Amino acid sequence: MTALLEVSGVSVTFDGFRAINNLSFSIGHAELRAIIGPNGAGKTTFMDIVTGKTRPDLGAITFGARAICLLGLNEARIAQVGIGRKFQRPTVFEDQTVQDNLILALKASRSPWRVLLWKPKASDLARVQDLATEVGLGDQLQRKSGDLSHGQKQWLEIAMLLAQEPRLLLVDEPAAGMTPAEREQTTSLLVDLARTRAVVVVEHDMEFVRRLNCRVTVLHEGAVLAEGSLEHVTRDPQVIRVYLGRG
Amino acid sequence: MTRKGFFAQNPSALIFIAVLALFTLAVTLMSEGLGAGVISTSFVKTLGKTLCLCLVALAMDLIWGYAGILSLGHMAFFALGGYMIGMWLMYARTEEIVVTALAQGGLPASDAEISQGIATQIFGVVGSSDLPAIWAFAHSLPLQFALALAVPGLLALIFGWLAFRSRVTGVYLSILTQAMTLALALYLFQNDSGLRGNNGLSGLQNLPGFGDSSQDLVSIWFFWASALALGMGYLTLTWIVSGKFGSVIRAIRDDEARVRFLGYPVEAYKLFLFTLTALIAALAGVLYYPQAGIINPAELAPIASIYLAVWVAIGGRGRLYGAVIGAASVSLLSSVFTSGRLPNIPLGPVSLNWVDWWLVILGLSFVAVTLFAPKGIGGLFDRFQRIPTPARKGAPLGPDDGSLQEQEAQP
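Read top to bottom, the protein sequences are chains A and B. Its first residue numbered 661, the first sequence is counted upward by one per residue in the working numbering. Its first residue numbered 4, the second sequence is counted upward by one per residue in the working numbering.
I should point out that these hints are in silico values taken from the structure, not numbers from a laboratory. All values derive from a computational prediction rather than experimental measurement. Where a beta carbon is used, it is the ideal one built from N, C-alpha and C, also for glycine. The reader is advised that the hints may include incorrect statements.
What the hints assert, rightly or not - Examples of chain A residues lying across from chain B (beta carbon under 8 Å, computed):
{"hint": "1", "residue": "PHE685"}
{"hint": "2", "residue": "GLN740"}
{"hint": "3", "residue": "ARG745"}
{"hint": "4", "residue": "THR751"}
{"hint": "5", "residue": "ASP755"}
{"hint": "6", "residue": "ILE763"}
{"hint": "7", "residue": "ALA765"}
{"hint": "8", "residue": "VAL775"}
{"hint": "9", "residue": "LEU776"}
{"hint": "10", "residue": "TRP778"}
{"hint": "11", "residue": "LYS781"}
Said to hold, decoys possible - Incomplete in silico selection of chain A near chain B, CB under 7 Å:
{"hint": "12", "residue": "ALA725"}
{"hint": "13", "residue": "ARG726"}
{"hint": "14", "residue": "ALA739"}
{"hint": "15", "residue": "GLY742"}
{"hint": "16", "residue": "PHE753"}
{"hint": "17", "residue": "GLU754"}
{"hint": "18", "residue": "LEU764"}
{"hint": "19", "residue": "GLY806"}
Claimed, not checked - Which bits of chain B does chain A cover? Going by a derived footprint, with three or more residues having C-beta under 8 Å, they are:
{"hint": "20", "region": "198 to 212"}
{"hint": "21", "region": "242 to 248"}
{"hint": "22", "region": "401 to 413"}
Could you put together the complete structure from these sequences and hints?
Shown next as structure tokens:
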């Protein structure tokens, strides 16, 4: 199977500090992958590079069956080709209703002229209703999203990601600040999503990663330290040294 | 969501249009040109000019109140529109005078004589008798009207493209726009700028070809045109902000990084808005300056654009009627206080002179509105309708500089 996202030999330096060091990574079209690593390992920088927020100094990134090069594209173009990102803190547009938020995310042309002339079709509104119902906000469509609880905002953001219909989903610490029941729900949602698309989860919480039951990539000092099942990487002596021993 | 008509979705637009229509009718019936003559022609002009200022304030509200881009240079586009239409007004009017004067000599004047006469008449004041190249289209109303939109529009497009492409935001963008309008003003102050330096263009109240019509009538025509432009502008902007486009630009105001990750080309939206609002400002200027009668480079001073922001802030940003109310009330009050007709108030050793103190009063009310009533005058409507302010413990609605603040929002 060919890869959906192929990152090869990427390096990035901030003021002399090498945040990402010759990193290579690839993920298939329908795959769930967890990225773990200690603080400062380059997890967030890795996401910034893939989504176009940070430009790497070296390396290549290609995406999709036609191997589009992502390096020349800005954030908006990268999102348009099918990469969605979920931030650690819920980021929704607080002054707008749940429905407005979902309509913004709904897959459609993003050009100013098209958006100006866009009108919701019955199918669009039905899709918005379905998405909202799916995350338990079906009866909250007309509420300003700023009034939602923290957990509801998380779910709204997830619904927005689904509305975008991305082919690759990057999720930053989804379990942070969630109750055990919500974690359970998130786990099954992520596993479910990964049946039809690629999902990359960055996570600190080992227990959460164990439940995802997927391939794990361990980052350390901006490079891949180990890759494989969680069992495999936790037995790796280098990983043990970095995580536990420090000597 | 059920499908509703435009006015059912935007009841405030219907109210606004009704109020504007009634106002226009009332002023017409009271004017000297077509009515009872209760209000003077110069006051009709003041009202007409105020409507034009309301139209620029709408543009300012769109770019600042809705999209969070605090441009402090939009009056440059307003004045450029005025200059461009002023060139035609002045040229065509001078041509009439020159042709009449030369005809008294008996022989019909040649084209060269006429054009020489016009150039001497217009540019004698800056010691020149040649028509500069930028006056090449001044003989034609359609061409010069096209320039009145094209010049400010192109300037906004180029300036916006350079600024937004480099992702200049917040206070830096405000400073940059101020620098733009100041640079333009300084350029126009020069005698060899081709627009008569600090003399500016004058006599713009005389409509070429309508020499027989009195100013009583002309003032009413311009008043109608201004009211029509304001009404159309209001409806257009209501349509823009009430749809998905409005949703995108409010999202850009509150959190533009997030909008990028949704796939929207934020810079293209900003450029679109910057150019659109510049065009609206230019159109307002085209209607304003024939009523003012004179335009000079001082109109492009940064303070003019700061006033624009003050009007919108006092009216309440992020709601279109707020911008109109702010612009109308502050500019009308300003003309009352600076008219010099209000009696001074003696306060012991000093006397309160309204002309001098008006700016202080305006400054204090701006500070007071910002501190105590961030929703501005428009917030009164929320109070009548008992719409509360959300309790967010001081948290703004987004991480960006221009984002809506807690107290400006509705739940």
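Q: Please count how many residues of the region 242 to 248 of chain B have a CB within 8 Å of a CB from chain A and say whether that reaches 3.
A: Coverage by chain A holds for the region 242 to 248 of chain B (4 residues, Cβ < 8 Å).
(Q) Is the coverage entry for the region 198 to 212 of chain B by chain A consistent with the three-residue Cβ rule at 8 Å? (A) Violated, because only 0 residues of the region 198 to 212 of chain B bring their Cβ atoms closer than 8 Å to Cβ atoms of chain A.
Q: With chain B as the partner, please determine if ALA765(A) meets the hint condition of a C-beta pair closer than 8 Å.
A: Status holds, d = 6 Å.
Q: Grab the minimum C-beta distance from ILE763(A) to chain B and call the hint holds if it beats 8 Å, violated otherwise.
A: holds, 6 Å
**Q.** Status of the hint placing GLY742(A) at chain B (closest C-beta pair under 7 Å)
**A.** violated, 9 Å
(Q) For the restraint on LYS781(A), tell me whether the closest CB of chain B is nearer than 8 Å. (A) violated, 11 Å
Q: Would you settle whether the hint for THR751(A) is holds or violated, based on the nearest Cβ-Cβ distance to chain B being less than 8 Å?
A: holds, 5 Å
Q.
Interface hint check: VAL775(A), Cβ to nearest Cβ on chain B, cutoff 8 Å. Holds or violated?
A. holds, 5 Å
Q) Quick one, is the LEU764(A) hint okay against chain B at 7 Å, beta carbons? A) holds, 6 Å
Q | Supplied contact hint for ALA739(A), tested at 7 Å Cβ to chain B | A | Given a least distance of 4 Å, the restraint on ALA739(A) holds.
**Q.** Status of the hint placing TRP778(A) at chain B (closest C-beta pair under 8 Å)
**A.** holds, 5 Å
Q.
Given GLY806(A) as an interface hint, is its Cβ closer than 7 Å to any Cβ of chain B?
A. holds, 6 Å
Hints 1, 11, 12, 13, 15 and 20, counting from the list given before, are not met by this structure.
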